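First residue of the sequence shown: 1, per my numbering; consecutive thereafter.
Keep in mind that the hints were calculated from the coordinates and are not lab data. This one's a predicted model, so the numbers in the text were calculated from it and none came from an experiment. Glycine included, C-beta positions come from ideal geometry on N, C-alpha and C.
The following label-pair restraints were derived from C-beta to C-beta distances:
#1 Thr-66 - Leu-100: 40 to 48 Å
#2 Arg-86 - Ser-27: 23 to 31 Å
#3 Asp-97 - Ala-65: 46 to 54 Å
#4 Asp-93 - Asp-119: 33 to 41 Å
#5 Asn-80 - Ser-25: 26 to 34 Å
#6 Ala-94 - Lys-129: 42 to 50 Å
#7 Ser-25 - Glu-54: 39 to 47 Å
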Amino acid sequence: MKKIFYTGLLSVLIFSCSQSSNKSSSSVAELEKQIYAVHDEIMPHMTSIIEFAEKADSLASIDSATYLPLAKALHQADSNMMQWMRNYKFPTDATEDVQLKFLNEQKMLVDQLKVQINDVLNKANATLK
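Work out the full structure: start from the sequences and follow the hints.
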């Protein structure tokens with residue numbers, strides 16, 4: 001009787017641990033999915049940023065007060081995006097807590113990039129169109 005009880009208890013413990021692990025794994029997967037969604041949303045705008053930066057650079061010789069700050073902001077947005085992509089290294093061998101911490105930080109960074117890129121594109125559209 002004790003054997004059956006302990007076997008049942010062990011089964012319940014294993015099942016609950018696996019459920020908790022699956023829940024954490026799904027949190028990691030969901031955060032990763034959100035990060036990639038933001039990346040995929042802003043990445044197509046990088047071509048426009050580069051084109052606007054080249055245009056602002058060429059116009060800066062005519063009116064540096066207007067176009068030079070815009071060119072710098074465009075180059076900075078491009079640089080920040082490239083730097084974020086270079087530095088994104090998911091810690092596959094880390095614990096789930098470390099992975100979640102990493103992903104939460106990356107989500108915050110990529111959201112900031114999205115705001116920066118959208119802002120500079122709006123300024124470029126208003127100034128250069």
